[in-house]
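If you read the sequences in order, they're chains A and B.
Everything in the first sequence is counted per the working numbering, starting at 1 for the first residue and increasing by one.
Everything in the second sequence is counted per the working numbering, starting at 1 for the first residue and increasing by one.
One or more of the hints may lead you astray.
Any copy will do: because identical chains look the same in the list, a pair fits if it lies in one copy or spans two.
[Unchecked claim] For lysine to any residue, the following SDA-like pairs were computed, each having C-alpha atoms within a straight-line distance of at most 25 Å:
{"hint": "1", "residue 1": "K458", "residue 2": "R36"}
{"hint": "2", "residue 1": "K179", "residue 2": "D391"}
{"hint": "3", "residue 1": "K361", "residue 2": "G388"}
{"hint": "4", "residue 1": "K150", "residue 2": "S116"}
{"hint": "5", "residue 1": "K273", "residue 2": "G184"}
{"hint": "6", "residue 1": "K280", "residue 2": "Q47"}
{"hint": "7", "residue 1": "K224", "residue 2": "K352"}
{"hint": "8", "residue 1": "K376", "residue 2": "G282"}
These are calculated hints, taken from the structure and not from any lab test.
Number of protein chains: 2
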Amino acid sequence: MKRRNFIKSTSVLGAGALILPNSIFAKTAGLQRKVRLGFIGVGFRGQNHLNEMLKRNDVEIIAFADPDKRMIASAIEMLSKSSQKECQTYSADDYGYRKLLARDDIDAVFVSSPWSWHYRHGTEAMRSGKIVAMEVCGAMSLEECHGYVKTYEETKVPIMVMENVCYRRDVMAVLNMVKKGFFGELVHGQGGYEHDLRGVLFNDGETAYNSGVEFGEKGFSEAKWRTEHYLKRNGELYPTHGIGPLANMFDLNRGNRMLYLQSMSSKAVGLSKYIREHEKGGEQHPNANLSFNQGDVVTTQIKCANGETLMLTHDTSLQRPYNLGFRVQGTEGIWQDFGWGNNEQGLIYFEKKMDHDHRWKNTKEWLEKYDHPLWKRNARAAEKSGHGGMDYFVDNAFIECIKNDVEFPLDVYDLASWYAITPLSELSIREGGAPQNIPDFTNGKWRQRSNSFGSSNKY
Amino acid sequence: MKRRNFIKSTSVLGAGALILPNSIFAKTAGLQRKVRLGFIGVGFRGQNHLNEMLKRNDVEIIAFADPDKRMIASAIEMLSKSSQKECQTYSADDYGYRKLLARDDIDAVFVSSPWSWHYRHGTEAMRSGKIVAMEVCGAMSLEECHGYVKTYEETKVPIMVMENVCYRRDVMAVLNMVKKGFFGELVHGQGGYEHDLRGVLFNDGETAYNSGVEFGEKGFSEAKWRTEHYLKRNGELYPTHGIGPLANMFDLNRGNRMLYLQSMSSKAVGLSKYIREHEKGGEQHPNANLSFNQGDVVTTQIKCANGETLMLTHDTSLQRPYNLGFRVQGTEGIWQDFGWGNNEQGLIYFEKKMDHDHRWKNTKEWLEKYDHPLWKRNARAAEKSGHGGMDYFVDNAFIECIKNDVEFPLDVYDLASWYAITPLSELSIREGGAPQNIPDFTNGKWRQRSNSFGSSNKY
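One chain only, chain A, in its complex shape (with noise of 0.2 Å):
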């Protein structure tokens, strides 16, 4: 599918509003006009996103969505600060987004909002014509994995979802050795959300971080939204930050794709122990006896098309230092990563180029003689982007990929695929572990479809 196809078959849409990848000035020697930005959904996630937009010449932020006043304000300040103008907000009740996506001087969108809202701001994007940039998350169903994809196809308006890890500089490193031929032909994989989120979870319902332990309408932040789901779900929550890295490695919905998965459940104890501990907290604090239902550990096994097999872990509730554990397997290579992308935080094998001594290496030296080409281009401007660097490349991707007309590396079919894992590993563990199929949202393209990330050096 060429981006060709879809700007034909959308430019009778009207030549007024740009709802297409500004296809019709990337054909010419330079940029004619900037990319017009709305935010749904401007917490500190979307900040960050604007953060990155307002470092840029090529964008125009026109319009913020959100009912939190507070991160409108917040918001507004960010871009008092910078050269563009001050713009449109709509922040009087939940739907606001509405009034945002019926503007016709808006291209793209970013979504940056609590978890159940990303299916209604992502599929009423695309039918009223702007480009998405989804955050990330789990689906709350497997029907909204397949809302996205029948949304697409019949809008052909394009979805990127944003993971960010996947432009860690270690995991590009790595893709650039797997691309190489280093591993030999992949057979195991694995990667997962294992950080400590007990301080983001709960906080005073002031201060965003480790301030109390509040949650739902008395929290703060993520705190307001996110901690319910660990009341009510449990599976893996969370499941893009492993899966997203593997997926490019792995070639999954690009001549590979998962085929099913099974997940397994540890004891909930991590969350009502961090309330009964805290100052703030005790034995008599309301939520220090509630039942979160989310295990403290869920580990999700998947099986590929192509014979591999991945391995997710969410690990979100107890204390632990942050790492992702990504291990990437083959045939002549090994990577195990213990820490946040640090090039020195992991270790590596390869028989062949380690004269078969059967001995980890420090990833140092690897990580930094095969530094993918991206990064090397680009580790200036990430400098002081969100998440060491990651987040400008992510953003970065989104707007060049708009600009230059090319299709997004990471699309709807692997959003819908990776949204899948979560409403299908909750089934799983509710099922006491039973295997479940994961659809083939691409319809049996994945055979043809080519993996293009981190293919070009610019996006």
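Guided by the hints, dock chain B onto chain A, whose structure is given.
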């Protein structure tokens, strides 16, 4: 169940042969007679045990049984260099072990035979009143596991599962910290057997390691029989190195137990590639086109009665550094291993003891400080023993438990449940990942049984 009961119920069998823990002299001031040993299987693993026994002055080597005359000759050679006299050998055919078991001057046997012989050797030994030191593997079938338990319960002749990794120095130091409560409430554990065995599974029929691509009749040592399992089976073939250490930490069969498991297997490409690329193999070698059934990486998720999850990995047919991949995670601590047990080959984190800094520490300082009393006391004795000293401890425990008239810390219920992982994982994989119940071999006694492993600093 106290050993006292065992003594009472078996003492009628006759006072001539010391077929039970030598409680008769254990009750007196000192040893009055040595523990008399037979060896069923004197291949390299049996020779390791023999080597340990030859260092002791409290045992006597009575007989060897092994159909492999080359291995018998090696064992005799070892004996001749020791202070022990020569001993009887049974090597005429596969059933020489029955003549060994028929003797009335043997107290205990070491079984170090090919996996498919363990059941016959172990249960027939129990039925002949010989206390059993059983080498590790997984069962050929679930029926075998029930059979070990039935045989033990009928004969009351003890059998110890000789899992040496339970005695690895880092593993025991972590166990020590677990028992001290450093990890809080345990939630998740990982381990397995991640060891490149390609050079063991194939050889030239003469030299055991890395010497060729033959196996079965044309192979030597383990290649003679182990490789066949990779050809025909697909599962967690070797679960005990992983589950043993975890069992002691998670109180399996002693206040906790494994409820069910689900396994997944990757494709099998490592062994064929090895044969094709070996200088003595090649594309034209008859073994190059064999289709091995055993997946290169098999992962197994296990749910425990107390809500914890365990994960085992069997990964023995790809290039990789040795690493059993232990992880022990609780509400207050987490340990991650990445080597072969040296004290600096791991990462550890205890939130409260490390001032909430969210940074892994190298294990060295912690493993040294909390070195297990058993190791602290016996490190010098173990210095020249196999597998980094582990073999000293496991073999010493076997003999000392007999002499001191105490239950083996790793007993028939451990053996049955650990061995059961293999046939159940095979079934799970055959059934596309379907979860499989793990029988309660203790028949409810797991609730009362207490965990004695490592509780003595003598054995």
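For each hint, the structure was consulted:
1. K458 - R36: within (21 Å within a copy, 75 Å between copies)
2. K179 - D391: within (23 Å within a copy, 43 Å between copies)
3. K361 - G388: both (24 Å within a copy, 22 Å between copies)
4. K150 - S116: Within one copy only: 19 Å inside a chain, 54 Å across chains, cut-off 25 Å.
5. K273 - G184: between (45 Å within a copy, 11 Å between copies)
6. K280 - Q47: Cα proximity of K280 and Q47: none, with 29 Å in one copy and 61 Å across.
7. K224 - K352: Classified as neither; 52 Å inside a copy, 27 Å across copies.
8. K376 - G282: Close neither inside one copy (50 Å) nor across copies (40 Å); limit 25 Å.
When held up to the earlier numbered hints, the structure conflicts with 6, 7 and 8 and fits the remainder.
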